[in-house]
Amino acid sequence: MTALLLPAIVGGLLTGGVYALVALGLTLIYGVLHIVNFAHGALLMAAMFGAWLLAAKLGLDPLLALPLLTAAMFAVGWALYRFVIGPVSRGQDRAILLATLGVAVVIDNGALMLFTGDSRTIETPYALAMLQAGPLLLPEAKLIAFVCALLLAALLWAFMALTDTGRAIRAVAREPEGAMLVGIRPQRMFALAYGIGTACLGAAACLLLPSFYVSPQVGESFVLIAFTIVVLGGMGSFPGALVGGLLVGVTENLGGLYLGESLGPICVPLLFIAVLLLRPTGLFGAAR
Amino acid sequence: MADAVLRVRDLHAGYGDFRVLQGVSMEVAAGEVVALLGANGVGKTTLNRALSGLLRPSQGAITFCGRPIAGIDHAAIVRAGLVHVPEGRRIFPNLSVRDNLLLGCYVRGGATRAQSLARVLESFPRLAARLRQAAGSLSGGEQQMLAIGRGLMARPVLLILDEPSLGLSPKLVEEMFALILRLRAEGLSILLVEQNVVQSLAVAARAYVMEHGRIVMQGAADVLAGDARLRAAYLGL
Ligand SMILES: Nc1ncnc2c1ncn2[C@@H]1O[C@H](COP(=O)(O)OP(=O)(O)OP(=O)(O)O)[C@@H](O)[C@H]1O
Ligand SMILES: [Mg+2]
Chain P
3 MTALLLPAIV
13 GGLLTGGVYA
23 LVALGLTLIY
33 GVLHIVNFAH
43 GALLMAAMFG
53 AWLLAAKLGL
63 DPLLALPLLT
73 AAMFAVGWAL
83 YRFVIGPVSR
93 GQDRAILLAT
103 LGVAVVIDNG
113 ALMLFTGDSR
123 TIETPYALAM
133 LQAGPLLLPE
143 AKLIAFVCAL
153 LLAALLWAFM
163 ALTDTGRAIR
173 AVAREPEGAM
183 LVGIRPQRMF
193 ALAYGIGTAC
203 LGAAACLLLP
213 SFYVSPQVGE
223 SFVLIAFTIV
233 VLGGMGSFPG
243 ALVGGLLVGV
253 TENLGGLYLG
263 ESLGPICVPL
273 LFIAVLLLRP
283 TGLFGAAR
Chain L
37 MADAVLRVRD
47 LHAGYGDFRV
57 LQGVSMEVAA
67 GEVVALLGAN
77 GVGKTTLNRA
87 LSGLLRPSQG
97 AITFCGRPIA
107 GIDHAAIVRA
117 GLVHVPEGRR
127 IFPNLSVRDN
137 LLLGCYVRGG
147 ATRAQSLARV
157 LESFPRLAAR
167 LRQAAGSLSG
177 GEQQMLAIGR
187 GLMARPVLLI
197 LDEPSLGLSP
207 KLVEEMFALI
217 LRLRAEGLSI
227 LLVEQNVVQS
237 LAVAARAYVM
247 EHGRIVMQGA
257 ADVLAGDARL
267 RAAYLGL
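Sequence lines, in order, name chains P and L. Residue numbering for the first sequence follows our numbering, beginning at 3 and increasing consecutively. Residue numbering for the second sequence follows our numbering, beginning at 37 and increasing consecutively.
Keep in mind the hints are simulated off the structure, nothing from the lab. Careful, some of the hints might be misleading.
[Stated by the list, open to error] Partner residues are not named here, just some residues of chain L that face chain P (Cβ under 10 Å, in silico): (1) 113; (2) 125; (3) 129.
[Stated by the list, open to error] Rough simulated footprint, nothing fancy, chain L against chain P, three-plus residues with beta-carbon under 8 Å: (4) 41-52; (5) 169-175.
Here a beta-carbon is modelled for each residue, glycine too, at the ideal position from N, C-alpha and C.
Build out the structure end to end from the sequences listed, making use of the hints.
Structure representation (structure tokens):
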């Protein structure tokens with residue numbers, strides 16, 4: 003069993019990196035707009051279909067499509083907030099929540115109509131390739147996904163910490179009126195934050211596609227994991243989403259290893275409950 | 037007043053159907069400190085919010101540096117040089133002191149930023165020692181300094197200070213008025229809203245007294261300081 007332990011942990015970390023990217027988008031939107039983005043799963047699914055279309059119809063490798071799809075999903079998220087969610091909600095948190103739910107329903111059913119309920123997949127030269135690292139055999143697709151996810155997370159962190167726009171987004175998150183007094187337009191920042199959170203999904207979709215099937219239901223499983231990560235790490239916390247993502251990835255794999263296919267999946271909810279019992283605000287949440 | 041930086045004519049504003057300002061007219065000249073006095077709830081903050089574009093006036097005109105600004109975008113007003121340091125500070129608690137200050141010149145961009153930062157930190161050495169600290173962890177007095185420092189980063193022509201001495205210890209109130217004198221010496225125009233009537237009249241050239249959304253008294257600060265009606269209403273003398 004111990005011979006399997008190390009590969010299980012490493013494999014969990016690799017998957018967890020991409021989970022973290024999905025969770026980063028969710029936690030950013032939560033941290034700035036103070037709402038749980040109900041459209042997150044649907045948007046991830048849409049992005050995965052986007053990546054699938056580019057690969058299956060145009061032969062574009064998901065990794066090459068990544069910059070394109072990330073930018074496209076940013077535009078989609080930005081426009082959704084600017085033209086749908088923002089105007090519909092008029093700044094009321096409850097209404098924003100319902101607006102994102104409405105967007106999710108539309109996207110989910112649109113996908114069912116266009117693609118039916120079937121699962122689809124693509125083949126990449128690296129999907130099944132393995133890399134030998136000492137005693138470990140690493141799946142190449144997941145390794146690439148992990149490295150890309152961490153790079154993008156670092157890039158996002160740098161943007162939020164070091165640029166004026168990043169500072170302005172963090173400023174409106176807590177003090178929109180104060181932000182207006184220095185000349186920031188809060189609605190623009192909200193749209194940007196929603197766009198960036200959605201862009202994370204564009205990147206994640208390209209990283210997930212080589213290893214996962216796409217179907218109109220695919221978003222649900224990921225968004226449940228992402229929500230667990232966000233709460234586990236601390237709502238709105240960047241490091242929380244990152245560490246939470248890796249932790250959930252590893253827990254999932256170890257659960258599968260020790261408890262088997264059917265019982266294994268209870269480990270993540272158990273971890274979730276245990277952390278919340280010990281630290282109700284999550285691992286990196288501000289202590290109340 | 038030919039060289040008025042700010043000129044307000046018959047300004048009306050309120051919240052929904054609730055009318056607060058009912059025809060305010062006032063002026064601030066270049067380099068002048070003007071005190072705006074009045075009891076709680078008469079509409080001083082509402083006037084400030086209308087001037088800085090946070091609240092759209094329902095009627096009346098505001099001219100800033102010769103340009104009509106009533107109802108225009110708040111960002112354009114900041115860029116024009118009218119900067120409002122609000123009641124309650126409204127700093128960004130989750131950002132570092134440095135990031136708070138840098139956002140002060142959000143509309144100016146990076147060109148003069150380092151220079152502005154150096155100047156502001158010279159005025160507020162206590163902030164300089166806490167640049168990396170989260171602003172929310174500062175003491176009340178330091179947060180007020182930060183709010184003013186953030187306002188100065190925008191290189192204002194007119195600075196609106198809404199109750200800057202509220203909640204400060206007597207020693208810090210002294211420091212606050214010393215700072216206002218320094219800013220005045222640098223030629224900044226200041227509209228000062230204060231409950232500290234005696235001290236505000238000491239630093240101001242002129243003053244307005246507000247009641248129920250209207251200006252009910254105005255004049256030179258030293259004259260108002262000796263006015264029997266004002267002394268009875270606000271100083272209990
Ligand atoms: N956002 C708001 N919505 C509704 N009414 C408001 C709002 N803000 C202020 N008011 C009301 O407008 C009136 C004027 O308030 P304002 O804050 O301008 O007074 P003020 O002179 O600044 O008082 P203070 O000295 O207490 O700061 C008050 O009756 C207040 O209750
Ligand atoms: Mg007030």
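Results of checking the hints against the structure:
1. Interface hint at residue 113 (chain L): satisfied, since its Cβ lies 8 Å from the closest Cβ of chain P, which is below the 10 Å cut-off.
2. Proximity of residue 125 (chain L) to chain P holds as hinted, the smallest CB-CB distance being about 8 Å (cut-off 10 Å).
3. Below 10 Å, beta-carbon pairs count as interface contacts, and residue 129 (chain L) has one with chain P at about 6 Å; its hint therefore holds.
4. Using a Cβ-Cβ cut-off of 8 Å, 0 residues of the segment 41-52 of chain P lie near chain L, which falls short of the minimum of three, so the contact claim is violated.
5. With 5 residues having a beta carbon nearer than 8 Å to a beta carbon of chain L, the segment 169-175 of chain P meets the requirement of three or more and the stated coverage holds.
Hint check: a violation occurs at hint 4 only; the rest are consistent with the structure.
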